[in-house]
Amino acid sequence: MSTVTAPGLADEVLGELRDVVGDEHLLVDKPARMHRARVPAPFPVHRWARHIPDVVVLPACTEEVAAVIEVANRFGVPVVPRCGGTGLTDGAVPLHHGILLDVKRLQYIGDIDLENRTCVVGAGVNMLKLNEALARHDLFYPDDPASYPCSLVGGRIGTSGWSLIGSRYGHTRDLVLSFLHVLPTGEVIRIGEGGGPRISKSSSGYQMKQLFMGHQGTLGVATEATLKLYPKPEAEFSPFWAFEEYDTGYRAVRALAQADVATFAGAVLFDEEKVRYLRRDDEAYIPQPENVRALVCSALYGNEDEVRAGAGRLMRIARSFGARYMGDEISQGDWAARHDRYATPLHGRTKAGQVVPMSWHCEDAAINWSALPAVREQWHRIVADLRSRSDVFDDWGMFSYTSARTGVDYLTEIDVGIWEQELDEETWAMWVDAKREIARVAVAHGGSISACHGSCREGEVDVVPEELGGAYEVMRKIKRTLDPANVMNPGKYGLDGAFEEDLA
Amino acid sequence: MSQFSYRRGEQVTPPPARQTSDVSVMRFDHIYEVDPRLMQRVPQQPFPNWDTLRIAHGREDHLAWMHRHFAHAVISGAEVLDGLSDE
Amino acid sequence: MSTARQDPPAPDAATEEFVEQWRNAAYNCYSSGHKFCREVCPVLQVTRNESWTPTAFHANVVAMEHGELAVEDVAEDFVNCTQCGACELRCPNTLFTGDFYRFRTRTVDLVKAVRALAVDKGIHQAGWQRWNSLTDERRHEPVLGEAPIDQAHVADWADDLDLPVGGETVLFVDCEAAFYRTSVPRAVAQILKLAGYEFGLMREQWCCGGPAAEMGYLDQAQRFARHNLEDWRAVGARRVIVLDPHDYITFTEDYPKYFGEEYDDIEIVLAVELFAELIRDGRLSPSVAVERTVTYHDPCRLNKRKGIWSEPREILRAIPGLEFRDVDRVTQWSYCSGGGAGLPIEKPELTAAISGRRLERAAELEVDTLVSACPWSERPLSQAGEEHRIDVVDIHELLAESLGIEVGGRRSA
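Line order of the protein sequences matches chains D, R and L. Residue numbering for the first sequence follows my numbering, starting at 1 and increasing by one per position. Residue numbering for the second sequence follows my numbering, starting at 1 and increasing by one per position. Residue numbering for the third sequence follows my numbering, starting at 1 and increasing by one per position.
Hints may contain errors.
Unchecked claim - Quick list of the computed label-pair ranges, beta carbon to beta carbon:
(1) H137(D) <-> T293(L): 17 to 23 Å
(2) G322(D) <-> F259(L): 57 to 63 Å
(3) E422(D) <-> T293(L): 39 to 45 Å
(4) R387(D) <-> A17(R): 54 to 60 Å
(5) R251(D) <-> R41(R): 39 to 45 Å
(6) E422(D) <-> E198(L): 30 to 36 Å
As the list claims (entries may be wrong) - Here's a subset of chain R near chain D, in silico, CB distances under 10 Å, partners left out:
(7) F4
(8) G9
(9) V12
(10) R41
(11) L53
(12) R59
(13) L63
(14) H67
(15) A71
(16) H72
(17) V74
(18) G77
(19) V80
No lab work stands behind these hints: they were computed from the structure. We treat Cβ as the ideally placed atom computed from N, Cα and C, and that holds for glycine.
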């Protein structure tokens with residue numbers, strides 16, 4: 001049975017929470033609650049009040065997290081876990097107010113096992129900061145999303161993150177060996193491969209690790225993770241190539257991805273609209289001749305001899321497609337800028353070409369290579385339609401990134417600028433409709449709505465049952481079994497519906 | 001000595017702009033800027049010269065740092081291409 | 001205690017004007033969502049409190065625009081900032097496109113503006129109100145705690161140094177150095193004399209006014225600035241040497257805004273940049289070996305706020321006997337002493353935690369000395385240094401030692 005409280009919490013609940021985390025770490029002031037209501041995805045500012053939690057708690061350790069959830073369960077109060085709050089699917093945005101469980105204080109780096117190359121970290125640790133510490137041992141943790149300088153390990157688990165260099169090192173699900181997980185009913189268990197904390201592959205019992213990654217806080221909270229570590233790479237190679245049209249770039253990126261170069265960490269295809277968008281900013285991006293309309297870049301990491309050998313192979317392949325190498329300055333600079341340059345508010349333009357600050361919607365469907373042109377054409381049409389109806393929307397072009405080392409599928413991104421200063425109910429509704437259409441295109445082409453953010457956003461979430469088919473029923477059953485009081489991030493993924501019918 | 005000292009008179013007027021594309025201009029070598037005609041809805045800020053240079057140098061420093069952070073060495077594509085031409 | 005939402009009062013004229021001025025900047029941050037400001041922020045590293053992030057500081061403006069918050073609700077949150085500038089530099093809207101658009105993130109200015117708005121509306125932080133009131137009374141900051149500061153004693157640090165008053169070049173000494181860590185101005189003055197560099201002291205030096213501006217006491221800051229400028233004019237000074245990065249900021253950012261064209265010809269010289277040049281030119285030759293294993297703390301107001309990181313390292317490399325274990329300037333974007341923007345006055349435990357972290361980083365390098373170029377950083381760093389048995393010295397003190405100067409003065413109370 002679903003239990004979702006009305007806004008405002010009883011003194012008794014606050015009292016018990018205060019007993020768990022202490023006075024200093026229980027925040028009721030309005031600013032504290034407002035600032036934990038949203039994430040970077042475009043947000044309907046005029047609706048901010050709807051998403052403000054009733055209280056914020058900042059636990060210090062796994063035991064406190066578990067105690068908070070136990071209290072929430074007993075009183076039937078919603079709990080919304082929040083790690084970095086840097087996600088892009090509104091996973092951490094409360095839909096029913098409640099307790100905002102902020103785990104950033106779990107910031108420790110624990111045991112670094114140099115023999116087996118693993119380390120233990122609290123959920124509140126950032127990967128860049130972790131790697132600064134690991135550098136002392138010439139080790140590194142290669143989970144490299146666009147949010148690398150700010151996202152936190154707990155959120156990577158909560159979203160089942162994707163890495164820019166995942167085609168070589170794998171993604172969060174491959175790099176996290178195990179984690180302490182607090183169930184919706186408050187028990188603490190270890191989730192991993194079997195029961196061993198530092199095991200990469202087991203067949204003992206049900207294989208549950210992937211279930212407990214990417215649930216957006218609806219199945220509990222990860223508090224501490226054991227990570228698989230690599231040696232810090234000897235060498236990095238990141239060529240950028242220019243093409244005169246999308247189609248050649250498109251065929252070239254497949255060849256690069258399918259070359260099976262061992263040090264291949266990823267390849268990215270920039271479409272024509274993306275190149276046009278990047279031309280708005282000529283300052284780090286040396287102006288290119290008009291006939292540059294598409295780009296491909298790639299990244300290799302590993303031992304220097306192997307990277308050099310792979311580099312030669314890829315350069316030959318690119319050359320065979322007539323690609324023009326863009327030079328070391330762009331290639332190296334733009335790769336090093338990969339976390340920074342692609343979502344700049346002032347790259348927003350009105351139809352008259354004036355600069356305005358725009359928020360960045362980043363779609364992240366998973367699409368097979370063979371479907372990319374069709375998806376591209378349909379997505380641009382959807383956004384062009386939006387822009388024709390309102391200056392609030394801008395097309396910032398598309399990227400397609402390899403997700404796997406065989407190039408079977410691509411994280412396919414269309415970036416839509418949204419002028420939040422001007423957003424209102426009407427344009428928000430237009431956006432939600434477009435979002436739903438965008439999601440349907442991905443599903444219609446045998447893909448997935450989301451490669452990594454999650455698909456909780458208004459509009460797209462309606463398409464999740466369509467995408468998952470029978471698996472969505474299983475999802476609802478699992479939710480009902482593990483979270484009978486429906487306290488963990490209630491409403492996400494439409495899972496309130498799991499409590500409205502008899503699913504026995 | 002005044003190479004490194006500060007005088008307001010030397011800072012508040014940027015060098016003159018020359019057009020580099022439809023949408024961009026250049027005042028300092030290798031530092032592009034948006035054509036100010038596009039900044040009507042979002043007025044530009046007062047920007048002393050030292051600040052433009054601080055940011056540009058900071059960016060270069062940061063990019064170099066990001067390379068070092070991920071790997072011990074960066075391979076030159078130009079060198080690799082040269083190697084291919086020798087084949 | 002109830003958590004029912006309470007509606008704030010409708011925005012008043014001052015708030016509306018403030019929101020109008022900051023609207024574009026606020027949405028620029030709000031719409032961006034990068035949040036790269038966080039892990040470089042010393043306050044965030046220690047507290048993990050999202051209410052004190054630059055994102056929250058900017059979002060407060062959006063919330064105020066929508067009538068969801070008033071300055072009364074957020075004034076206390078804005079205490080938690082050292083104005084180190086890491087956030088606004090690391091922000092991609094500065095670092096990658098700030099120069100392109102001539103529009104960058106200005107979290108430091110935003111924090112100062114909100115603090116000033118709060119003071120204007122009679123919302124004071126107790127410690128800051130007292131601090132700035134005593135400063136107003138005495139013309140200098142109460143850096144000696146209960147022991148009184150006096151205008152009459154502002155140049156006591158120079159008693160036996162036989163320094164003239166006035167001239168074309170004056171040496172400005174901040175309150176912390178003039179009254180507390182007097183070894184620093186003594187080192188600077190004696191190095192200048194050794195190099196044959198002509199300079200004098202001010203006729204009547206007041207506090208630069210920078211800290212008052214940082215804490216929101218703008219009228220006072222401007223009064224003090226006017227006094228100092230007139231004092232420079234009165235003795236014919238057109239060049240001001242500063243040894244403190246905080247003063248460097250005040251004189252190259254605040255004073256130009258207050259005075260405009262009137263200020264065009266005043267030349268501000270930073271002592272470490274001058275000394276590095278004198279060493280290059282052979283006018284200073286550090287020759288006494290200093291046997292220490294050191295690392296350098298990049299003061300925030302030099303490295304992050306101004307991009308000045310190279311000259312202090314030049315100086316250290318010129319000192320014989322030093323084993324210098326450096327940490328690069330970009331890594332140091334996320335380092336801080338916690339000493340800036342009034343934080344030690346209102347939140348001493350937070351400053352101590354930030355300094356503690358800085359010393360932990362230094363301790364990892366197995367050094368016996370942490371060298372800084374900022375007197376304000378040296379007090380909290382010294383306190384944290386005791387636990388790690390790391391000596392905290394000022395770069396001018398170290399250079400003077402290597403030049404064979406018996407500096408005198410004191411490094412602590």
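Right, here's what the structure says about each hint:
With their beta carbons about 22 Å apart, H137(D) and T293(L) fall inside the hinted range of 17 to 23 Å. A beta carbon spacing of about 60 Å between G322(D) and F259(L) agrees with the range 57 to 63 Å that was offered as a hint. For E422(D) and T293(L), the Cβ-Cβ distance of about 58 Å falls outside the hinted range of 39 to 45 Å, so the restraint is violated. The hinted range of 54 to 60 Å is not satisfied by R387(D) and A17(R), whose Cβ atoms lie roughly 30 Å apart.
Distance hint for R251(D) and R41(R): a CB-CB separation of about 41 Å, consistent with the stated range 39 to 45 Å. At about 60 Å, the beta-carbon gap between E422(D) and E198(L) misses the expected band of 30 to 36 Å. Here the hint on F4(R) is broken, as its CB sits about 25 Å from the closest CB of chain D, past 10 Å. Given hint, G9(R) at the interface with chain D, is violated; its Cβ is 27 Å from that chain's nearest Cβ, farther than 10 Å.
Among the interface hints, the one on V12(R) is violated; its C-beta lies about 21 Å from the nearest C-beta in chain D, farther than the 10 Å criterion. The restraint placing R41(R) at the interface with chain D holds, with a minimum CB-CB distance near 5 Å, inside the 10 Å limit. Among the interface hints, the one on L53(R) is violated; its C-beta lies about 13 Å from the nearest C-beta in chain D, farther than the 10 Å criterion. Given the 10 Å rule on beta carbons, the hint for R59(R) holds: about 7 Å separates it from the nearest Cβ of chain D.
For L63(R), the suggested interface contact is upheld, since its CB lies about 4 Å from the closest CB of chain D, less than 10 Å. For the restraint placing H67(R) at the interface with chain D, the shortest Cβ-Cβ distance is roughly 5 Å, inside the 10 Å limit, so the hint holds. Interface hint at A71(R): satisfied, since its Cβ lies 4 Å from the closest Cβ of chain D, which is below the 10 Å cut-off. Because the smallest distance between the Cβ of H72(R) and any Cβ of chain D comes to about 5 Å, under 10 Å, the interface hint for this residue holds.
Taking 10 Å as the C-beta cut-off, the interface hint given for V74(R) holds, the closest approach to chain D being about 5 Å. At a threshold of 10 Å, the smallest CB-CB gap from G77(R) to chain D is about 5 Å, leaving the interface hint in force. Taking 10 Å as the C-beta cut-off, the interface hint given for V80(R) holds, the closest approach to chain D being about 5 Å.
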